[in-house]
Amino acid sequence: MHVKTIRRWSWIHKWTSLICTAFLLMLCVTGLPLIFKDELDDLLYAQAEPAQVSPGTPPANLDTIVADALARYPGEFIQFIVWPLDEPDIVRLAIAKAPDANPENNKVLRFDLHTGKFLDEPDYDSRVTHVLLELHTDLFAGLPGKLFLGLMGLLFVVAIVSGVILYGPWMRKLDFGTVRWDRTRLARWLDLHNLLGAVTILWAFTVGFTGVINTWADLVLKIWQIDQLADMTAAYKNATPPATMASVQVAVDTSRKASPEMVPLFVAYPASPFSSKSHYAVFMRGETPLTSRLLKPVLIDASNGTLTDSRHLPWYVTALLVSQPLHFGDYGGMPLKIIWALLDVLTIVVLVTGLYLWVKRARRSTAPAPAPYVPGAKQSSTVS
Amino acid sequence: MKRLPVGTRPLRVIFAVPAALGVLTAAGLMSALLGDDLWDALSWLMLAAPIAVAVWYLCAAFKKGPRTTRPGELS
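Those protein sequences? They're chains A and B, same order as listed. The numbering used here numbers the first residue of the first sequence as 1 and each following residue consecutively. The numbering used here numbers the first residue of the second sequence as 1 and each following residue consecutively.
Derived from the structure by calculation, the hints contain no laboratory data. On a predicted model such as this, the values are computed, not experimentally measured, just so you know. There's no promise every hint is true.
The following label-pair restraints were derived from C-beta to C-beta distances [to be verified]:
1) A:P103 <-> B:A20: 40 to 50 Å
2) B:V13 <-> A:W15: 24 to 34 Å
3) B:L34 <-> A:G56: 21 to 31 Å
4) A:Y124 <-> B:A27: 29 to 39 Å
For every residue, glycine included, the Cβ atom is placed at its ideal position computed from N, Cα and C.
Can you build the whole structure from these sequences, using the hints too?
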């Protein structure tokens, strides 16, 4: 590689890393406990347990559950009914002051899926895991914070790519995995940075990039509303919201019949962010780790319970949904979570050693920059 | 690995191990997405490979002995 090219990539690697390092360290440190969010929540917060039932017990009627929930909050509205992937015997109802209110302020009620009994109303917002999650996703600054972290993630991705390009010239003189423990601290930390960077690269790239995609979730949802949802409900464009609501149980049954190979993940009520103002949107999912992310909304006319339309989500929503498990590491049991945590720790070491290398070199900025080996170029002995 | 003369390692040698680990990582990430049980176990094995390699080389470096101070070195 030409000296000039290497210099250019060094410059890119230095600056993209420097700008994002502080935020990446925050993301790696807050992300570490978040890998085990479910376990921590179970450990720290007691929840009412659903009744033990024999396999094959049918679920309770949703209309009864909905009536129970609304009786607890008269004058308020259901926004979502959710069958959580991690709580197969539970159904959650999200309640808001208005049908189109911001879901962030929802109250969440847990019901026993089989008996239909009210279990509890956990205060998710006050949980330490939730506070960590907010810091991790948007620095407590809403959409702007989220997009800012997405930008930092993009810089991280560029830092990774430039790191790969520089790895070639750096390693000309060394065998893979050499850590010169007996040499200067700078050489040692550079070797550590190179070794750990080289082994974690694809994981860091994947988690970094899927994290960036996740920051676009709000925008992706908006585009879907304007694009596919508007198209599916075009005939209802000027319809008034239904005066009386058809049975949500019927809506779910109809959706199951329309997609017999799928199961419902959640129902979005009319006017909520995931539906039109005239429809129940029943989001169906598959049953493998991958197909459980490939959703298919079934739109049910909320005034009479009949099927309006059903289509698979467009590619950009699917890309978002598939990128989520790849960021969270929650799709392969506890061993995968532990591996995720170890790789996260290695990434922290790469970040810290990288920062150290910059500090050391910046202090010696009067000395010639430690140039990597370039065939034909004069050797500098600063590094090794 | 056969030792090459200093400074003459071609890119395919330099990137052999990182590329292999990259392929394993990618396969491991996909595997747990595609199915459960066996697929999960495969995924754990493949994703543990980079960690194992890092630990292996770190241990090798430790074994070679702790740092010895030399006159005139930068630290």
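Hints, verified against the model:
For P103 of chain A and A20 of chain B, the hinted distance range of 40 to 50 Å is satisfied, since their beta carbons lie about 45 Å from each other. For the pair V13 of chain B and W15 of chain A, the beta carbons lie near 30 Å from each other, so the given range of 24 to 34 Å is met. L34 of chain B and G56 of chain A have their C-beta atoms about 28 Å apart, which keeps the hinted 21 to 31 Å range intact. Between Y124 of chain A and A27 of chain B the CB atoms are about 36 Å apart, so this pair conforms to the stated range of 29 to 39 Å.
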